[in-house]
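Put together the whole structure using the sequences plus the hints.
The opening residue of the sequence shown carries number 6 in the working numbering; numbering runs sequentially from there.
Where hints are given, some of them may not hold.
Heads up, simulated DSSO-like pairs for lysine-lysine below, C-alpha to C-alpha not over 27 Å straight-line [stated by the list, open to error]:
{"#": "1", "residue 1": "Lys39", "residue 2": "Lys53"}
{"#": "2", "residue 1": "Lys193", "residue 2": "Lys221"}
{"#": "3", "residue 1": "Lys173", "residue 2": "Lys163"}
{"#": "4", "residue 1": "Lys163", "residue 2": "Lys147"}
{"#": "5", "residue 1": "Lys147", "residue 2": "Lys193"}
{"#": "6", "residue 1": "Lys173", "residue 2": "Lys238"}
{"#": "7", "residue 1": "Lys58", "residue 2": "Lys48"}
{"#": "8", "residue 1": "Lys149", "residue 2": "Lys58"}
{"#": "9", "residue 1": "Lys39", "residue 2": "Lys58"}
{"#": "10", "residue 1": "Lys173", "residue 2": "Lys193"}
{"#": "11", "residue 1": "Lys149", "residue 2": "Lys163"}
{"#": "12", "residue 1": "Lys149", "residue 2": "Lys193"}
{"#": "13", "residue 1": "Lys221", "residue 2": "Lys238"}
{"#": "14", "residue 1": "Lys58", "residue 2": "Lys240"}
{"#": "15", "residue 1": "Lys58", "residue 2": "Lys163"}
{"#": "16", "residue 1": "Lys221", "residue 2": "Lys240"}
Pair ranges (Cβ atoms, derived) [to be verified]:
{"#": "17", "residue 1": "Lys238", "residue 2": "Asn189", "range": "23 to 29 Å"}
{"#": "18", "residue 1": "Tyr49", "residue 2": "Arg93", "range": "29 to 35 Å"}
{"#": "19", "residue 1": "Lys173", "residue 2": "Ser213", "range": "35 to 41 Å"}
{"#": "20", "residue 1": "Ser205", "residue 2": "Val155", "range": "39 to 45 Å"}
Think of the hints as simulated: they come from the structure by calculation, not from any bench.
In this text the structure is predicted, and so the values were computed from the model without any measurement.
We put the CB at the ideal spot given by N, CA and C, even for glycine.
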Amino acid sequence: VAYFAIVQIRDFLEDLADVRCIDRSDVNLCIQLKQLLLIQIEKYFIGKEEQWKILQNYAYFDPIGYGCLNRRERRAIESNIVASYEQRIFQEADEDIFEQTGSTFDSQQKVEQSSTSSMATFLRSIGKKKSSSSSNVRSTTKSKLNEELVAYRSLAQKEFNAVVEDDKNYDVMEFWEQNRSELNGLFKIACGHLVTPATSVASESAFSTASYLLRKQRSRLTPDNLCHSMFLKDKLHDDGNESDIE
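Structural data, given as structure tokens:
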């Protein structure tokens, strides 16, 4: 959503022909203001390349963010998704194979050494030659994920059009839940990108408010009264309705 909002604001500021002023005499002033705001958008968001790319990666998994990405940006993100997902699945497959061999590893290694050349053994030891089972896993995984990406492009664009043009009520988590079976691999990746990160803002705000209430002018305020005051402030401020307090 953040990427969508920033892109829409940027596009509006870049369009100097779209100047909405009550007084026509203020047109030049409005144009200058849009140019100044555009500079700030470029400085604090788009100009920070690493930050902007991270935001684009997260926006890809949100249909309204996806709709704001151009084709080149989408392809770059999809390449990174395939590479990282393929590597993770390949590592998991290797771990499963290692666990399954267990105690028979030594005997299998002897058989393998006797049936393969010294060159093949050397290449395998330095990671240049993979086992056929691992290669098959990688090939199958890559093919399946590519199919999901093709399906996601269509679904995400359709959802974007429905929200922007048809005023559909939007819920990104509902979108992924509805398409979970069709986009199973992407769904797992999207869960890691769409989670809300933990924050200490609320706790820091509460301590700041408590320090203001218990300032030196109110030094006789008891701990119980301070606790009750904090509780009432939190409930009255957030809910805006005293009847919600039980």
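Do the hints match the structure? See the list:
At roughly 20 Å between alpha-carbon atoms, Lys39 and Lys53 fall within 27 Å of each other, so this suggested pair holds. At roughly 53 Å between alpha-carbon atoms, Lys193 and Lys221 are farther apart than 27 Å, so this suggested pair is violated. At most 27 Å may separate the alpha-carbon atoms for a hinted pair to count; Lys173 and Lys163 meet this at roughly 11 Å. Taken as a hint, the Lys163 and Lys147 pair is honoured in the structure, with Cα atoms around 25 Å apart against an allowance of 27 Å.
Our distance criterion of 27 Å between C-alpha atoms is met by Lys147 and Lys193, whose separation comes to about 15 Å. Taking the CA atoms of Lys173 and Lys238, the gap is about 36 Å. The hint is violated against a cut of 27 Å. Straight-line distance between C-alpha atoms of Lys58 and Lys48 comes to about 15 Å, which keeps the hinted pair within the 27 Å bound. A threshold of 27 Å between alpha carbons decides the hint, and for Lys149 with Lys58 the separation of about 26 Å falls inside it, so the pair holds.
Distance check on the hinted pair: Lys39 and Lys58 sit about 25 Å apart at the alpha-carbon level, within 27 Å; holds. A C-alpha spacing of about 25 Å is found between Lys173 and Lys193, which places the hinted pair at or below 27 Å, so the restraint holds. Between the alpha carbons of Lys149 and Lys163 the distance comes to roughly 22 Å, so the proposed pair stays at or under 27 Å and holds. For the suggested pair Lys149 and Lys193, the alpha carbons sit about 14 Å apart, so the restraint of at most 27 Å is met.
At roughly 20 Å between alpha-carbon atoms, Lys221 and Lys238 fall within 27 Å of each other, so this suggested pair holds. Proximity of Lys58 to Lys240 is assessed by CA-CA distance (about 39 Å); at most 27 Å being required, the pair is judged violated. Taking the CA atoms of Lys58 and Lys163, the gap is near 24 Å; set against the 27 Å cutoff, the hint holds. Of the pairs offered as hints, the one joining Lys221 and Lys240 holds, with about 25 Å between alpha carbons and a cut-off of 27 Å not exceeded.
Taken as a hint, the range 23 to 29 Å is violated for the pair Lys238 and Asn189, whose Cβ atoms sit roughly 46 Å apart. The hinted range of 29 to 35 Å is satisfied by Tyr49 and Arg93, whose Cβ atoms lie roughly 33 Å apart. Take Lys173 and Ser213: their Cβ atoms lie about 40 Å apart, and the range 35 to 41 Å holds. Checked against the hint of 39 to 45 Å, the C-beta distance between Ser205 and Val155 comes to roughly 41 Å, which is consistent with it.
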